[in-house]
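Use these hints to put chain G onto chain U, whose structure you have.
There are 2 protein chains.
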Amino acid sequence: MARRKGRALTKPTHPDTREMTQRRRQTVSRIAIREAGARVFLEKGYLKATLADIAVELGRPKGSIHYHIDSKQDLLFEIVEHSLTVFDTAVEKIVAYPLSAVDRLRLILREHVHWVVNPQFAYTATAAGRELASLRPEQLEVVSSHRRGYRAVIYRLLREADEAGDLQIDNVTIAARSILSIVVQLPRWYSPDGKLNPDEMADALWSLMLNGLKGQPAPGN
Amino acid sequence: MARRKGRALTKPTHPDTREMTQRRRQTVSRIAIREAGARVFLEKGYLKATLADIAVELGRPKGSIHYHIDSKQDLLFEIVEHSLTVFDTAVEKIVAYPLSAVDRLRLILREHVHWVVNPQFAYTATAAGRELASLRPEQLEVVSSHRRGYRAVIYRLLREADEAGDLQIDNVTIAARSILSIVVQLPRWYSPDGKLNPDEMADALWSLMLNGLKGQPAPGN
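Chains as they are written, first to last, in my numbering: chain U, 1 to 221; chain G, 1001 to 1221.
Bound-form chain U, shown alone (with noise of 0.2 Å):
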């Protein structure tokens, strides 16, 4: 009993408390799963990758997996869906910014270069089409939804700024098609630990899709 309330000191023994100190070591253990999915998935590719590769990658016996997760399949979507719906929720709340349709376009932006950049993120940003075409039709659902949500997003803000007059739009589609192609493109050629940070690349995307080739007009033009 002196015992038991020794150790209560420094490790509580509250069932309660237990049963949540456990829950978060399984909370714990499936992010480091989900991460390490992730880089193995990013350098192999998922189809060559294994369950065992990324047991390896974490340095713990496959099973440890097998407990937390049915396969390859479902990991997939939990790293993918995961980073998604991180994205979505900052982009929702830039959305609800009392801010002109121009600002948070550019808001907008920004974060997805900042998301695109990060090494958590950076497999679902490049996951390419036939990658996630290995996902079950529901899990695709899932996946397409958050893509239609976002293109949705980038759409109802060009027109915004259209109406405002603050943007002269020929045609939305064509402009928010570019708008994100070239965003999806970003990881491909951009890093972050190159000439330009992520926000001097916001910066300069931003006005090249502003002011086109051409450039801005000069100023009394």
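Hints are computed from structural coordinates only; laboratory data are not their basis.
Computed footprint of chain U on chain G, listed as stretches where at least three residues anywhere in the stretch have a Cβ under 8 Å from a Cβ of chain U:
1) 1162-1175
2) 1182-1192
3) 1206-1212
Glycine included, each C-beta is placed from N, C-alpha and C at the ideal position.
Structure of chain G alone, referenced to chain U:
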């Protein structure tokens, strides 16, 4: 002998001609295999597709494919290299035109839009990095060198147009990569059967690239 002469009227028997006919038959067949391969790879993905699938697509026994093609990997390379070579040839022609750099850029963009919507080249236009990673290093190097060459053309023309004062580009790398991102992603959302035909799409993209989201300044401004 008389019989031989009789046949010669419709079917030449001269050894050289016969060889040419034979070679021609082989060539035609090789093209058919390449085109069927591109269709099957586009539909199933390179990793899942088999030479047997391609034989089915052609309606011919599998052996007739093995006669021409050693491996699926070699067929992938042949498909991709052929598509890139056709495109590069067209681009080189445009680069040599006695036109301003801006006009040549516009024509290259138009060529690119036509290329990505051509069913013959659609597989190469959409092939993800992961699929091309299946190539042997020396094959991959050929593909990369085509891409580097094309990027170099875009960079050079942008710089030329900037120096001529027709464009005003802060960062040529970002401008070139953005243009290329838009055309690379195009086949993922654009269908030539929709509202805009390829020429109209090329015009709309060019106008957006030139003037940006702010649009063309009103005349007199």
